[in-house]
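Number of protein chains: 2
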Amino acid sequence: MIPTITAFESSPDRGRGLARDMRVRWALEEVGQPYDVRLVSFAAMKAPAHLARHPFGQIPTYEDGELVLFESGGIILHLAERHAGLLPADPDARARAVSWMFAALNTVEPPIVELGMAGILERDKPWYEARRPMLEAHVRTRLDQLSARLGDAEWLDGAFSAADLLMVTVLRRLGASGLLPAYPSLGAYIARGEARPAYQRAFAAQLAVFEASQAT
Amino acid sequence: MIPTITAFESSPDRGRGLARDMRVRWALEEVGQPYDVRLVSFAAMKAPAHLARHPFGQIPTYEDGELVLFESGGIILHLAERHAGLLPADPDARARAVSWMFAALNTVEPPIVELGMAGILERDKPWYEARRPMLEAHVRTRLDQLSARLGDAEWLDGAFSAADLLMVTVLRRLGASGLLPAYPSLGAYIARGEARPAYQRAFAAQLAVFEASQAT
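Those sequence lines, one after another, are chains A and B. End of the first sequence sits at 216 in the working numbering; the numbers just go up one at a time, nothing left out. End of the second sequence sits at 216 in the working numbering; the numbers just go up one at a time, nothing left out.
A hint or two may mislead.
Unchecked claim - In silico SDA-like cross-links for lysine to any residue, where the CA-CA straight-line distance does not exceed 20 Å:
id, chain 1, residue 1, chain 2, residue 2
1, A, Lys-46, B, Leu-150
2, B, Lys-125, B, Leu-143
3, B, Lys-125, A, Asp-124
4, B, Lys-125, A, Gly-119
Think of the hints as simulated: they come from the structure by calculation, not from any bench.
Please put together the full structure from these sequences, using the hints given.
Below is the structure:
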């Protein structure tokens, strides 16, 4: 039996790979684990059957036999612990990579999501233009620190890991912000992630779902 | 040799246990691991020596011999993997608890921090009162979902785990928001966490640091 993940029936990102199922698809491709996808509508995401799988009514979820997981970070760490290729074998390096996973999701992503959501929910508000420089400054602080730490390295800490997978997907959310061109080393880092064959297979799979949703 | 964590020399929360070293202290107390604390000033947090430990210039960090970790979620998962008492032994239950750790930090905490930071950074702005209901609504959505899932259970998924430790510390940040009284089951959940002897030892330790900083 192969695991089943959930994804948007029609992703609001229009197939740009910014929805969080992309992270899990990428991780599954990195470890060579085939998977099924159950598509959910926005209405179905808030219905009892899906809330039983995901208490916060989001995607992705992960089902493998009796095991049901939610939250992309948790799903990816589960995959990384059961398959080679997403975390280093050395215990100290592994602990550092896991810390970087949390950093991607708890320190770098929140100001990026806050900036993005303001653009969606508050663009027509009178304060939007006044607040935007502050939101951008919060993101730039994180990008300054991240690029300082990354330096000339290829990945965050040694070989490619689940931490890079998460960090690249987090940074990709800035694509439309105009902030990334000031950070060429981060741009190259994102490009290294996107060049991985596993990324490309995952990206094509989620794009195919969006394109099929438009054709019907 | 015992591990060393970092904490604020003078915590902006005035000893209320809301700084992120509290989480790590609590976890260390739960597993019975003695620890040292190195206090850092706001200036020292942004200096090279600390940035080498924590790329984003925050607390806490964790040092144990050659191993240096940052990010409270990563430190606590490291402790949970090396000591009994913070994660279930059953592999599926363990994976679910880890997903709840990510949910606490990536799904529940961000809107709570956003509400709290608006109160600090934007209270004097003309839009503050107009935006506050939206920020509160985002938090309430998560509290509705969390209390629906928790139901009458004592903890999130079976026995107390690192997921509860993180979720309780995340929810405690709402103490001054006025939002918690509408969720008595979450209030009782927080109180169960705070009643644990390990929590109380950790709380006393961080409060003693703040009180000493005021005495000098």
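Comparing the hints with the structure gives:
| no. | hint | verdict |
| --- | --- | --- |
| 1 | A:Lys-46 x B:Leu-150 | holds, 17 Å |
| 2 | B:Lys-125 x B:Leu-143 | violated, 27 Å |
| 3 | B:Lys-125 x A:Asp-124 | holds, 18 Å |
| 4 | B:Lys-125 x A:Gly-119 | holds, 19 Å |
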